[in-house]
Amino acid sequence: MSSVSLSQHLAVSVDPELPPSLISAVHLRALHALASRLPAGICEFFGFESRLGDARAEVDFLLCAKANEGGRDVLAGLTPGQPLPPEFLDHPVWQQIRSFAEAWVQPASPLHGCIQNVWLEFDIDGDMGATLCQSATAPPVPSLFIGTDALFKRRGSTAPPWLLDQALPLCMGQAVAPDLAASLNTAMGALPASANIFQIGMMLSRPGGANMLRLCIRGMNQQETLSYLEAVQWPGKPEAIQDLLNFVYTDSDSVDLDIDLQPQVGPKIGLECSFGADRDTPTRLAAFLEHLVQQGLCLDAKRHALLAWSRGFHERTNPSAWPADLRARSASASTPTASMFMRWVYHVKIVYVPGQPLEAKAYLAVRQAWITPEFIRQARTVAAHPSAA
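Under our numbering, think of the first position of the sequence shown as 129, with each following residue one higher.
No lab work stands behind these hints: they were computed from the structure. Hints may contain errors.
Stated by the list, open to error - Here are the simulated lysine-lysine pairs, BS3-like style, with alpha carbons at most 25 angstroms apart:
#1 Lys281 - Lys396
#2 Lys194 - Lys365
#3 Lys396 - Lys365
#4 Lys396 - Lys477
#5 Lys194 - Lys477
Make a model of the complete structure from these sequences and hints.
Here it is as structure tokens:
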């Protein structure tokens, strides 16, 4: 195991000024129990899924292993001093992840250039949290999302061979069933020219998860979303979501669509609402959350917690507690730098299932970055004199 675990990164980025209505002290221990078994080099970007209508201060944990940040090599077992725990690789899902990463890392493989990142998502409910705190042997099993910018509309409505014949079978541990492949082909062929599938998820931690795919689609406007759902034969009624679409497309900066192939398109859809990255972002987010509170989709305590989540921490504020791997990288840099963690609300997802109440979830991001002393001085000036910015 690496001398520095991901838990040490959480300690300086998540623990400080943590709103207790988002993550309780008990649940935080479960998160650290999981993160302590993961090498720090697996990711520089991670986050949490919070159910906004649920009073429990529990979250699921997500991490992004990127090709250009070392995460791909860690998953492939190629990073000295940063192995995955041996017991992880005794589990079939982790064996599939390892096989996928070993192919992904090969320069001659089409996966090398077509896939930019992999998200691992750990469902940490009450039972899983208790197991993580009590046992260090049973491996936590994640769901898996592959991130790509190569999946646009294709002539002939066919998914590319690198996806159907390589990436998906490696991740799923089996060939893609013909009916599931046919649904994927239809979903790709129905994309408008402006849109792409930017993530494909496999819920490997859930029963039946190897026989379904979640498609995350970016780049459609409101009318294109309705037309797309009709084209892929979504079993819901378009008129039933018209008001919801009016709200999310008006009150957020961009909207991504999630659909499930089971193997046909399932009834559940997700609308991932983002709020940009400028001075108006906090205002847009606050107004969006206020609407969710009024509609009974978000608890007021969680609304306040989300608005308090965004902030940053850098190593010069707490050098003695800062992880050793990050301090070493700062010290060896050719120009003066310091490591920093930034927290923000990545997006809010509204989940719609015909005949069921709406559900809202927030996705909380944590990103490690490198900054200069001049950046720190400017940030302090802005904080002390906002009008000078």
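Are there hints from earlier that the structure breaks, and if so, what are their numbers? When the structure is compared with the hints, only number 2 turns out to be violated.
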